[in-house]
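Trainee: Following the hints, complete the assembly by docking chains U and R onto the known chain D.
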Amino acid sequence: MAQPLLTADGIEVRRGMNVVLKDVTLHLHSGEVLALTGENGAGKSTLLETCARLLPLEQGRILHADVVVADHEGRRRATPLVLGLALQKNGMMGSEYVVEHLETAMAMSGRRVDPLPFLAALSLKHRAEDLVAHLSQGQARKVAVLAALLPAFAAKEPGLILLDEPAAGMDDASVSVLCEWIAQLRILGHGVMIGTHDQRMSNCATTHIDVSTFETTAATPNEPSSDPVAEAQPVKATSPASFGWKMQLRTLAWLNHNAVASLLTLGVLLSFGDLLDGLEDLQRYGFLLAPAFAAGLCGEAMVQASREERANAWWRAVADANPHSGILPLILGCLLTLLSTLSFSVAVEARIVVVGGLLTFVTWHIIRLLQESTDRLARPRAVFVGLLTPILILPYALLLDLLTR
Amino acid sequence: MKQRVSEGLLFLGFTGIASTLLLALLWAPSVSLEAFESPAAQRIFYWHVPAAWAAFIAFGALFIGSAGWLFKRSEVMWRLHTAGAEAGLATGLMTVWSGCVWGAAEWGTPWDWTDVRLNTFGLLTLLAVYLVLGRSSQPDGVETRDTFAAFGLYGFVLVPLTYVATRIWSIRHPGPVVGTGDEGSINGDMGLVLLLGALSFTVFIIGHIMNSMHVTSLEQRLERLQATMDKVI
Amino acid sequence: MEGMSYLAIAYFGMLVAIALWTYTVVQRSRRLSQRIEALEGAITGRFESE
Numbered sequence: 001m002a003q004p005l006l007t008a009d010g011i012e013v014r015r016g017m018n019v020v021l022k023d024v025t026l027h028l029h030s031g032e033v034l035a036l037t038g039e040n041g042a043g044k045s046t047l048l049e050t051c052a053r054l055l056p057l058e059q060g061r062i063l064h065a066d067v068v069v070a071d072h073e074g075r076r077r078a079t080p081l082v083l084g085l086a087l088q089k090n091g092m093m094g095s096e097y098v099v100e101h102l103e104t105a106m107a108m109s110g111r112r113v114d115p116l117p118f119l120a121a122l123s124l125k126h127r128a129e130d131l132v133a134h135l136s137q138g139q140a141r142k143v144a145v146l147a148a149l150l151p152a153f154a155a156k157e158p159g160l161i162l163l164d165e166p167a168a169g170m171d172d173a174s175v176s177v178l179c180e181w182i183a184q185l186r187i188l189g190h191g192v193m194i195g196t197h198d199q200r201m202s203n204c205a206t207t208h209i210d211v212s213t214f215e216t217t218a219a220t221p222n223e224p225s226s227d228p229v230a231e232a233q234p235v236k237a238t239s240p241a242s243f244g245w246k247m248q249l250r251t252l253a254w255l256n257h258n259a260v261a262s263l264l265t266l267g268v269l270l271s272f273g274d275l276l277d278g279l280e281d282l283q284r285y286g287f288l289l290a291p292a293f294a295a296g297l298c299g300e301a302m303v304q305a306s307r308e309e310r311a312n313a314w315w316r317a318v319a320d321a322n323p324h325s326g327i328l329p330l331i332l333g334c335l336l337t338l339l340s341t342l343s344f345s346v347a348v349e350a351r352i353v354v355v356g357g358l359l360t361f362v363t364w365h366i367i368r369l370l371q372e373s374t375d376r377l378a379r380p381r382a383v384f385v386g387l388l389t390p391i392l393i394l395p396y397a398l399l400l401d402l403l404t405r
Numbered sequence: 001m002k003q004r005v006s007e008g009l010l011f012l013g014f015t016g017i018a019s020t021l022l023l024a025l026l027w028a029p030s031v032s033l034e035a036f037e038s039p040a041a042q043r044i045f046y047w048h049v050p051a052a053w054a055a056f057i058a059f060g061a062l063f064i065g066s067a068g069w070l071f072k073r074s075e076v077m078w079r080l081h082t083a084g085a086e087a088g089l090a091t092g093l094m095t096v097w098s099g100c101v102w103g104a105a106e107w108g109t110p111w112d113w114t115d116v117r118l119n120t121f122g123l124l125t126l127l128a129v130y131l132v133l134g135r136s137s138q139p140d141g142v143e144t145r146d147t148f149a150a151f152g153l154y155g156f157v158l159v160p161l162t163y164v165a166t167r168i169w170s171i172r173h174p175g176p177v178v179g180t181g182d183e184g185s186i187n188g189d190m191g192l193v194l195l196l197g198a199l200s201f202t203v204f205i206i207g208h209i210m211n212s213m214h215v216t217s218l219e220q221r222l223e224r225l226q227a228t229m230d231k232v233i
Numbered sequence: 001m002e003g004m005s006y007l008a009i010a011y012f013g014m015l016v017a018i019a020l021w022t023y024t025v026v027q028r029s030r031r032l033s034q035r036i037e038a039l040e041g042a043i044t045g046r047f048e049s050e
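Top to bottom, those sequences are chains D, U and R.
Position 363 (the first sequence) corresponds to 363 in my numbering; numbering is contiguous.
Position 176 (the second sequence) corresponds to 176 in my numbering; numbering is contiguous.
Position 24 (the third sequence) corresponds to 24 in my numbering; numbering is contiguous.
Rather than coming from a laboratory, the hints here were simulated on the basis of the structure.
Quantities reported herein were computed from a predicted structural model and do not represent experimental measurements.
Just so you know, even glycine gets a beta-carbon here, dropped at the ideal spot from N, CA and C.
Honestly, I wouldn't trust all of these hints.
Which chain R residues face chain U? A few, computed with CB under 8 angstroms, are given here [to be verified]: (1) Y11; (2) M14; (3) V16; (4) I18; (5) E40; (6) T44; (7) R46.
Label pairs and their calculated CB-CB ranges [unchecked claim]: (8) U:V164 <-> D:N256: 32 to 38 angstroms; (9) D:A219 <-> U:I64: 36 to 42 angstroms; (10) R:R46 <-> D:R200: 37 to 43 angstroms; (11) U:Y163 <-> D:L252: 40 to 46 angstroms.
Next up, chain D with everything else stripped away, as it sits in the complex (with noise of 0.2 angstroms):
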């Protein structure tokens, strides 16, 4: 038999203090469809999401294609393969629209089919343009789940798709053809392993494993009515800082989330009135630089918004990284420090100019590590990542002291 597209390899995974998956091996082969039941707790989440990447192990490995992706030693590589990805949580963030975030899942895979005929088969043809905020919620499972399977019908290769309940909340109609598109893409020889408890889903499957026992029983899975029709064309993958940059604009969150400290920072230094003439090189350096140092340590909005609907995770499994602001914080600080100088009436430099930018780009990208540093946590937002900031003042000293030399 061909490699498998996907091998679980003796993998133990915990979850809070318990252990959930306990020296588990599967393979998901090409035109196989694997159906996970079993009751709630049982593990279905946890194995997809393992196999996905996202949860370390404790024991074992996982191999997309031949290639080891993960394992207990906490090594990680990209997937060889595509891979399709629909959680429970939808993956998507309010400010995208709908096809654009079609477009983007797709891009992942390095090739594009016509979004449309897919949406107008769900009935969502006239919600291409809208944002994902303004779907109820069985529409944006649509989506979600949607996005989960273009890569794979524009993709070339055989790929991995992985589906955690994706007919929840879905009308019949909608579940009707979602199984339709699952017996293509089997067909196709993609492989696809759907966690769920509806047995619609289950009747899609080539085999079921009972998540409780692992027990697996084969089964005869529905047949496509028609074929797959779609014409695939290349098209670039689009980078989490590419798309954290377009996020930023839309949305104007750095303006919220840096601009307005940076801003008070600037404002509050002015009302000391006309001192700078009296300071040394480094105090007036310090002063210049204060606004672009206060917008880096407010950090990194985009962290705050992927986790809506568990978009980071979405991200970290199809692109091995989350959105982010790329070189707008070099921007931002340029911008900054040549409106402080401005401010100060003083001869702007070009070189503090520059500086300030990079201030601000290294300070926004190291506070964003120290967030996402949380992420596995159960409530992120209730930890105190700013009590580390002033780690960052004696570097910001030195630099200072650099400029002074």
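Mentor: The following block gives chains U and R in isolation, referenced to the frame of chain D:
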């Protein structure tokens, strides 16, 4: 039994600390005005230095416990992490605060960016605040433990980094030390009080760490019993 | 002696703070032990009545 030992150590340590402070106020020799700007404030030394020593033990426990959890998944090491973080927070705050008070009296400023120890303790205390507050806001589980143990382990990179940073800073900006500070020679009586303080704080902090570890194990036992009760009801 | 007075107050305050901190930890330990005893009793009672 363990609880009795830890409570005994706590009581013994506390008695020693109280005695040290009494001796520091009433018996320890005064220092000269030539050596110190504020001879009265110099007596904070009998609290500041032993507190720093106890904080060193606590942060060491935090580091070892964090490594033990991350690399060995040891329950005992996790309890050491939590005890070390709490003890580190308390003793770190004592060290930093007493350092600021002494600095304000002796140097004219509460903070000295050239002082490696003050900066290192300040940053480690901030780390301890983060760990203690963070952990109390989360349910117990591997996710919580991995996240905070990683901070506890890698936070120690702060120590050499702070050393390098403050060395560079002090080369360019000699610190505001006016007198000979606490680097002056220590006479016999002063050394005796200091030794008593160091021993007392050591006994006290070990008692505290043992007690905190016991408390964590009780919390875990309670959690397991509650889970059993959930199934029984 | 003014400085010494302040120092004495500061020392006394610190001792009180340490004592309070120790008291809360020891009390937490005692409270937890009581809750554990009560729960164990309830669970044993439940099994016996079944």
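Trainee: Each hint should be assessed against the structure and marked as holding or not.
Mentor: Outcome of the hint check:
| no. | hint | verdict |
| --- | --- | --- |
| 1 | Y11 | holds (5 angstroms) |
| 2 | M14 | holds (7 angstroms) |
| 3 | V16 | violated (11 angstroms) |
| 4 | I18 | holds (7 angstroms) |
| 5 | E40 | holds (7 angstroms) |
| 6 | T44 | violated (10 angstroms) |
| 7 | R46 | holds (5 angstroms) |
| 8 | U:V164 <-> D:N256: 32 to 38 angstroms | holds (36 angstroms) |
| 9 | D:A219 <-> U:I64: 36 to 42 angstroms | violated (53 angstroms) |
| 10 | R:R46 <-> D:R200: 37 to 43 angstroms | holds (42 angstroms) |
| 11 | U:Y163 <-> D:L252: 40 to 46 angstroms | holds (42 angstroms) |
The structure does not agree with the numbered hints 3, 6 and 9 stated previously, though it agrees with the rest.
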